Amino acid sequence: MRILVIEDDALTGPYIADGLRQEGHVVDLVSDGAEGLMAAAARKYDLLIVDRMLPGLEGTSIVRTLRGAKSPVPILILTALDGVSDRIDGLNAGADDYLVKPFAFGELSARVAALGRRPPPSEMPSVLTAGDLEMDLLSRRVRRGGVDIDLLPREFSLLECLLRRKGRVQTRTMLLETVWELSFDPQTNVVETHISRLRAKVDKPFSRELIETVRGAGYRIRE
Amino acid sequence: MARSTPLRLTRTLVAIFTLFTLAGFCAAYLITRESAEAEISADLQQVLEAVRNAGDQGAVEERVAELVASNRPADLLIRYAVPGKPALGSLPKAVAVEPGQIVGRRQLSAIQGKLADSYLGWRGSVQGGELALLVGRDGLEDLGGTFGLILLWSLIPALVLATIAGGLVARRARDRLDAIEHTLALLTSGNHGARVPVGRKPPDDLGQIAAAVNRMAEAQEASIDSLRQISTDIAHDLKTPIQRVAVLLEKLDNGTLDGVSRSTVVAARAETARIIQTFQSLLQIAQLESGQARADFAPVNLSALARDMQEIYEPSALDSGHSLTVAATDEVWVQGERNLLGRLIANLIENAMRHAPPGPVSLKVMAEDGVPTLTVRDHGPGIPDSERSKVMGRLYRLERSRTTQGSGLGLSLVAAIAELHGARVRLGDAAPGLEVRVEFEPASPAGSR
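The listed protein sequences derive, respectively, from chains A and B.
The opening residue of the first sequence carries number 1 in the working numbering; numbering runs sequentially from there.
The opening residue of the second sequence carries number 1 in the working numbering; numbering runs sequentially from there.
So here's chain B without its partners, still in its complex pose (with noise of 0.2 Å):
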């Protein structure tokens, strides 16, 4: 699959909507930490000045004691050590600590009570003893704990919404371009029918762009029509003359014609019966484009008519010099016109016959996945690349081809036929040779004729 703009922008969004949260959560914590840090530093010189404010030792020894007495050991853990006594207050042991040091609590062991996970320490001479204070850090360490829920319990819950409510719109937006998308390549395939629907009033960006492929898609319908009808006007009208002028020249031949005028009107007639023909199929394409002849489908042996048709056209294949080959085994059945048919497939083994030099030329029935399929290989020069879809329109011909006889109308109509019974044809290059592949509706098995 193509990669859907609406989704990656979602996508984009959602991951620099997190990126943002996340900036600001840092910065936060990072502000929120210093101001803690700098609390705790504060509390810590207060209790320093508290018992260096103390008038003697005795006085400090006093202050040490209350200062025990009224902090639990995870918020301030104290020790006074004048040499000769023993010392005072919380820490039992000496700790080697220097001021503005972080101590962890697993270098305090053997203390009762609940300690904080680190201190902040300070050490020096008090009165002549030796003075040790550890200020708890427990509210520093919960803020990590507190920042990391509120981002857990706030980001996540906001990340899942966004994507859910971003994939949603995504897919609504990917939905309506596929559609637009699906009606562009059916009016480029040749459905000058197909329209992009469109949804509620006012329309939003996409519905004034699906408006907006529907009216070119109309505009071009239009000019298509009556580029047609126009094409049809012309043959219309110039038939009667044309049959005015072959009648005019049946007339002439009562053998009270010399050699020479003789000969000039064989080959005028020749050339009427040729314009005649030429006209006859346009007039034959506009009505089957105008698919009148639907009313009249019936099962059909595919099969059976493309063996009839190898039988019709051998002994003329055989003349040319070409081998025409059925490989028809299975019975393929389709919807359709037989006499159409027929037709399409004429055409298709008379364009092999025309424009291939003597060879094999093999016509192949076979269903492929359920899809009546019809085939037509030749091994002549085949169609380059580039002008494969332009052989479909009517009255082409390739450079080469000008030289060899035909209406030039010959694939057309069977593009035509192939439209009419909802078939596609894909021109292949069998290498060498041309391969036309005529791919129908898949029909009921069995049917009754």
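Pulled out of the complex, with its shape left as it was, chain A reads as follows (with noise of 0.2 Å):
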């Protein structure tokens, strides 16, 4: 994918830049704002990361602008604050996804590679699979290998989730939000439980585990 990083904080920036470089992507870095609106105006982008405080003109003030030249570019914004208003003004100016920083680069890999291959609505397929694991959508029946697998509700929205986007990596935060609409940081391993469990009736009874963990960053169905 061919990436723009808006984002002034000589560290930061290049940081980001380099790890996405390193995972096959091609990178511009900008530190300007103004700057940055020219850049994303000037090329055809796949992805702009924005962050949401720069000099020059305002992460949110970009969106806002490509938004109203129509421009359907994904944007993912960093919000140095952890809070409500940020989020909901960056979401509300156009953003695709945000993250607050301080990240790790795992959630900001993630989250670039689940916006870059976002499947248009109509590819929503009814039957989900990996390897030989089935999710019937309308029926809701889980099978491995011609075994019946029952999961509670929460439970199959989170293999849902995952097989989703079967092959890319699902953030703990990721899977909050998409499961529980809840977009908190939770202290104690909330989410590592509930995989867990899942890996208990999913991968445990069979002898190839579909579920990964990926370190430092979140959970992976193979493909």
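Quick caveat, the hints were computed from the structure, so don't treat them as lab data.
Fair warning: this is a prediction, and the values are worked out from it, not measured in the lab.
Beta carbons are placed, not taken as given, at the ideal position from N, Cα and C, and that holds for glycine.
It is possible that some hints are incorrect.
Cβ-Cβ distance ranges computed for the label pairs, FRET-style [said to hold, decoys possible]: (1) A:73 with B:431: 58 to 64 Å; (2) B:242 with A:22: 22 to 28 Å; (3) B:298 with A:131: 40 to 46 Å.
Only some residues are given here: those of chain B computed to face chain A with a beta carbon under 10 Å [to be verified]: (4) 240; (5) 242; (6) 243; (7) 250; (8) 309; (9) 311; (10) 315; (11) 321; (12) 354; (13) 355; (14) 368.
To give an idea of the chain B side of the interface with chain A (calculated C-beta under 7 Å), a few residues [claimed, not checked]: (15) 71; (16) 73; (17) 75; (18) 117; (19) 244; (20) 245; (21) 249; (22) 275; (23) 313; (24) 339; (25) 342; (26) 343; (27) 346; (28) 350.
Using the supplied hints, reconstruct the complex from the two chains, each of which is provided in its own coordinate frame.
Listed below in structure tokens is the structure:
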């Protein structure tokens, strides 16, 4: 993907850019808000990563300007404050996702992947599969290797969330947001315990593990 | 209700006023009465002299007849009896009376005409006959009634007026005192914007006190604001360097490190993450205190949220040996921000799981008299009475909690979120265990969400 990073911090900017380059993306880094807006308008990017507080032009203003010009490019906002207003401001301005600084690179990378390859609504299948696992979204049945697996509603949602983004990392916060529609940072290992319950039903009775832990980032279903 | 000083003062003043008026009246009455008595006995003496001065028995009889004719029976009764002759005068029967004795009307039955209630009497012999004199004391008897009437018509209206006027003044003063007390209570409970309404100018004594309370509140608010600003500034200023440290630490892990260095880096990273979390919470509290988030409020089903939170935390609660139950049968709605309310419940649950030994932790949502109430109760050691107000402050930790994990910001974040929602947080003793009650403002039912 071609990604534009607008971030003024001399350390964070290159850190994001280098990390994304190592993952195979093409990254342009701009440290000034106004310059960033010009760069975004001049070239077609697959994704924008915009810091909220920037010299020259505020992050949300950049987003608003681009959206006003009908630009469909996915935008991830980086916000320094873990505040609702900030998040809602960013999303209201037209950003697709947000990330609170400081963040782990794994979280950023997972969100970049989710934004970059968001499937168009028409591609929503009614049956999700991974290896010998099969999830029927209409009858809400899960089978693996021909065996029915009995899941609680939230376990079903959790597995569905992982299956929909098969092969891509889902962070703990992303899972909380998708399954429970709650965005906060739990101080305990709540998501881990739910995953381990899900694993006990989906993976434990079988020879191959489908749900994989990605250290420092989150979870992923093997393709 | 507490005893009101102005009311008490009014009552005391009215009582003192009544006492002095009554005493004055009594004195006046006694003095007037004494002089009236003296007048009556002077009258008697005068009549007696007039009779005695008559030259002989015949002259006495004449004088007596004159006196009877010229005086009403209510003023003077007289009898002159010479042995062997019929008695003269207006007293038909002899009356046993000593000089200076008071005779009542009842002893004088069978006398024609209107009599006085009592008489001052005299009896003795004059010119060979027995003379009895009774001088009417009606003036004296009337005196009491007159004084009583005066008392009735002057003192009682005065008393009523004084009581009403005093009561009104006292109530006004009490209302103003109540306003000051109410403001002080608000200030104590953390509402630093509370002020006493200051009335007319120039201010009177209560107005001056009100103004002084307001000045104190302003000074307090200013110092709290600057304290808040300082801690927010510090958190802001240190965040970027800490973020950089985190970035640098993350860059390190390339598999090029040996075992010892790697474990050091891992530990450093965990510590940095904890610092970041603390700073994040500090900044979030500052942002919550600014009240901006209120713009995003919408109806939130608190019961459903509590059930969600129970579902999220149940597995980890089981892992740590706690059993997390939820009682939220009625659908209770509040006006608020769902993520923040979720964070509030999460912090209370995490707090219970961190500080209470394995055991039941119960979550309850209900509307008590229309007040949406969320209760989280554990079976841990609780919080001593003396420390309860402190634990809501930032970075405060109980002595025994120093070794457990946590930023010391959990409950202050709860307090900040509650305040944003206009809710009150009460820490109570569930004996055993801590009970945290969050009481919300009543919201309209059946929200749109």
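We went through each hint and held it up to the structure:
1. A:73 with B:431: 58 to 64 Å: Holds, at about 60 Å.
2. B:242 with A:22: 22 to 28 Å: This hint holds: roughly 24 Å between Cβ atoms.
3. B:298 with A:131: 40 to 46 Å: Holds: the Cβ-Cβ distance is about 42 Å, inside 40 to 46 Å.
4. 240: Status holds, d = 6 Å.
5. 242: Nearest chain A Cβ about 7 Å off; hint holds.
6. 243: Result: holds, 4 Å to nearest chain A Cβ.
7. 250: Check passed: Cβ of residue 250 (chain B) comes within 6 Å of chain A, closer than 10 Å.
8. 309: holds, 8 Å
9. 311: The hint holds - residue 311 (chain B) has a Cβ within 10 Å of chain A, the shortest such distance being about 6 Å.
10. 315: Nearest chain A Cβ about 4 Å off; hint holds.
11. 321: At about 13 Å, which exceeds the 10 Å cut-off, the nearest Cβ of chain A leaves the hint on residue 321 (chain B) violated.
12. 354: holds, 8 Å
13. 355: With a closest approach of 13 Å, the residue 355 (chain B) hint is violated.
14. 368: violated, 26 Å
15. 71: Since chain A brings no Cβ nearer than about 107 Å to residue 71 (chain B), farther than 7 Å, the hint is violated.
16. 73: Given a least distance of 105 Å, the restraint on residue 73 (chain B) is violated.
17. 75: Status violated, d = 102 Å.
18. 117: Violated: closest Cβ of chain A sits about 94 Å from residue 117 (chain B), beyond 7 Å.
19. 244: holds, 5 Å
20. 245: violated, 9 Å
21. 249: violated, 11 Å
22. 275: Where the cut-off is 7 Å and the nearest Cβ of chain A is about 10 Å from residue 275 (chain B), the hint is violated.
23. 313: holds, 6 Å
24. 339: Holds, because the Cβ-Cβ distance from residue 339 (chain B) to chain A comes to roughly 5 Å (cut-off 7 Å).
25. 342: Result: holds, 4 Å to nearest chain A Cβ.
26. 343: At about 4 Å, which falls below the 7 Å cut-off, the nearest Cβ of chain A leaves the hint on residue 343 (chain B) intact, so it holds.
27. 346: Status holds, d = 6 Å.
28. 350: At 5 Å from the nearest chain A Cβ, residue 350 (chain B) passes the 7 Å test, so the hint holds.
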